[in-house]
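Asker: As you go down the protein sequences, you meet chains A and B in turn.
Heads up: the first sequence is residues 1 to 214, going by UniProt numbering.
Heads up: the second sequence is residues 1 to 220, going by UniProt numbering.
Derived from the structure by calculation, the hints contain no laboratory data.
Just so we're clear, the structure is a prediction, and the values are computed from it rather than from any experiment.
Hints are supplied without guarantee of correctness; some may be wrong.
Unchecked claim - A short, non-exhaustive set of chain B residues, derived as facing chain A with CB atoms under 10 Å: (1) 42; (2) 59; (3) 63; (4) 64; (5) 108; (6) 115; (7) 118; (8) 119; (9) 203; (10) 207.
Stated by the list, open to error - To spell it out: a stretch of chain B is covered by chain A in this simulated footprint if at least three of its residues, at any positions, have a beta carbon under 8 Å from a beta carbon of chain A; those stretches are: (11) 128-140; (12) 193-202.
The C-beta atom is built at its ideal place from N, Cα and C for all residues, glycine as well.
Below are the chains, spelled out letter by letter.
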Amino acid sequence: MKSVVLATVFLTCVVFASAQLQCAQKKPNIPTDWIDMASPCVKKMRGQIQEELKASMQYLAMGAYFSRDTVNRPGFAKMFFQSASEERDHAIKLISYLLMRGELTRDISHMIKKNLVVPKTEWATGVEALKDALNLEATVTKKIRDVIKTCEDPKDSSNFNDYHLVDYLTGDFLEEQYHGQKEIASKISNLDKLMDKHGALGEFLFDKKISGGE
Amino acid sequence: MRAFLIFTVFLAAASAEHCYKEIEKACDPTSNKADSTPINCNAKYGAIDGVQSALQKYVNDHIERSFEYLLMSTHYANYEKSREGFEKLFRGFSDSKWNTAIDLIKYITKRGGQMRFPEIDSEISSNEDYEMYELQSLAKSLDIEKTLAVEAHNIHGLAARRRNEFHDPEISSFIEEKFVHKQADDIRALSGHVADLTKLLDGRDSSLSLYLFDEYLQKL
Ligand SMILES: [Fe+2]
Numbered sequence: 001m002k003s004v005v006l007a008t009v010f011l012t013c014v015v016f017a018s019a020q021l022q023c024a025q026k027k028p029n030i031p032t033d034w035i036d037m038a039s040p041c042v043k044k045m046r047g048q049i050q051e052e053l054k055a056s057m058q059y060l061a062m063g064a065y066f067s068r069d070t071v072n073r074p075g076f077a078k079m080f081f082q083s084a085s086e087e088r089d090h091a092i093k094l095i096s097y098l099l100m101r102g103e104l105t106r107d108i109s110h111m112i113k114k115n116l117v118v119p120k121t122e123w124a125t126g127v128e129a130l131k132d133a134l135n136l137e138a139t140v141t142k143k144i145r146d147v148i149k150t151c152e153d154p155k156d157s158s159n160f161n162d163y164h165l166v167d168y169l170t171g172d173f174l175e176e177q178y179h180g181q182k183e184i185a186s187k188i189s190n191l192d193k194l195m196d197k198h199g200a201l202g203e204f205l206f207d208k209k210i211s212g213g214e
Numbered sequence: 001m002r003a004f005l006i007f008t009v010f011l012a013a014a015s016a017e018h019c020y021k022e023i024e025k026a027c028d029p030t031s032n033k034a035d036s037t038p039i040n041c042n043a044k045y046g047a048i049d050g051v052q053s054a055l056q057k058y059v060n061d062h063i064e065r066s067f068e069y070l071l072m073s074t075h076y077a078n079y080e081k082s083r084e085g086f087e088k089l090f091r092g093f094s095d096s097k098w099n100t101a102i103d104l105i106k107y108i109t110k111r112g113g114q115m116r117f118p119e120i121d122s123e124i125s126s127n128e129d130y131e132m133y134e135l136q137s138l139a140k141s142l143d144i145e146k147t148l149a150v151e152a153h154n155i156h157g158l159a160a161r162r163r164n165e166f167h168d169p170e171i172s173s174f175i176e177e178k179f180v181h182k183q184a185d186d187i188r189a190l191s192g193h194v195a196d197l198t199k200l201l202d203g204r205d206s207s208l209s210l211y212l213f214d215e216y217l218q219k220l
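Next comes chain A alone, as it looks inside the complex (with noise of 0.2 Å):
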């Protein structure tokens, strides 16, 4: 009994004695009335945050199939490679863009998945990878239009028309997306008229066009 008392004695002299960092700090009191988003379209936002990462990693496995030795296709693998950051940093926009608004401030530690699946590692042909693009894209745009509309009428008690948001997602996503879009059904239009006649030689041409980052 003894010895437990001077185990608990000793136990908490040492919490003390390394509680003597000051690692916390104390929470700042600030006015909350200018955080105004409403949690719906804050979730929706959350959640296209994992889309655009889950496109960059799919990118990412395009990018690392067209880089084989034995597909040697560096022009593709380069274009992919590029997708795959600018997807990640399209992730990166939507995070800053909720820290602007005031949010992240709990509960973020869960907010990316780690271990993103790819769901296809091969393609046959260059343009079966432009066309999954394509579609990759689709969706894509799609889901950012359902955030728009969460985020503009978020159903809930607030009623919160987010005109600022809405504005930033037409205005500079939804506007890269529909460029984007038009580009890769312009390179599938062009690589696929080619393969018709000339498969192997027009694939070959092709990639080694677009490596020239035309």
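Add chain B with the ligand to chain A, keeping to what the hints say.
Answerer: The following block gives chain B with the ligand in isolation, referenced to the frame of chain A:
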């Protein structure tokens, strides 16, 4: 012993002539197309097969770490924490892990290998917390960097063995050049931060110390 010698000679011959023989067969008008597709005309040589899975894992670890650092940097950018220096430090780590992952994928394919991404959807285990106090986050970061550095040593060790299927000076030199020195720099810098902040927080008022330390990090 003799069998071993013959085997070794065969291996050497294989890497020296395999592709050419396959192409000869593929070009022969009398051979049938289905069984004459060349399979050994690739970039593989040395020990890439023995080291590939370790390199793949290293890529996936970098991607995971880049997401962890992104969360840590996000935490410091919220208006309550408002620590731009810490935000910048961890965002820099997140970016560099991400870019390193891409470079490593390129490297694996340069050596004739393939990238493999994780196949199981594993959630972050629920006790993982990236919303830490300043000193804790530096400590966490120091641990992460050391883990990655030791992993680089292990890959180097794999590629530096004397057995042929593991001996590959090109891989070990790549690991040295691109990883181990930079990792030593990062680890040294972080351990310095931890030492400084530990001293700074050992007093009565930590708020000014943290404010000034954050300003210092912003300027790095
Ligand atoms: Fe995107």
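Asker: All hints are to be evaluated individually against the structure, with a verdict given for each.
Answerer: The hints, checked one at a time:
Residue-level restraint check for residue 42 (chain B) holds (minimum Cβ-Cβ distance to chain A is 5 Å; threshold 10 Å). Interface restraint check: residue 59 (chain B) against chain A, minimum CB-CB distance 9 Å, threshold 10 Å, status holds. Interface restraint check: residue 63 (chain B) against chain A, minimum CB-CB distance 8 Å, threshold 10 Å, status holds. Because the smallest distance between the Cβ of residue 64 (chain B) and any Cβ of chain A comes to about 5 Å, under 10 Å, the interface hint for this residue holds.
Evaluation of the residue 108 (chain B) hint against chain A yields a held restraint, the C-beta minimum of about 8 Å falling below 10 Å. For residue 115 (chain B), the interface hint holds, the least distance from its beta-carbon to any beta-carbon of chain A being 4 Å, beneath 10 Å. Checking residue 118 (chain B) against chain A by beta carbon gives a least distance of about 5 Å; that is within 10 Å, so the hint holds. Taking 10 Å as the C-beta contact cut-off toward chain A, the hint placing residue 119 (chain B) at the interface holds, the least distance being around 6 Å.
This hint holds: residue 203 (chain B) has a C-beta 7 Å from the nearest C-beta of chain A, less than the 10 Å allowed. Checking residue 207 (chain B) against chain A by beta carbon gives a least distance of about 6 Å; that is within 10 Å, so the hint holds. Only residues whose C-beta sits within less than 8 Å of a C-beta in chain A count toward coverage, and the segment 128-140 of chain B has 8 of them, enough to reach three; the restraint holds. With 3 residues having a Cβ less than 8 Å from any Cβ of chain A, the segment 193-202 of chain B passes the three-residue criterion, so the hint holds.
The structure meets every hint from the earlier list without exception.
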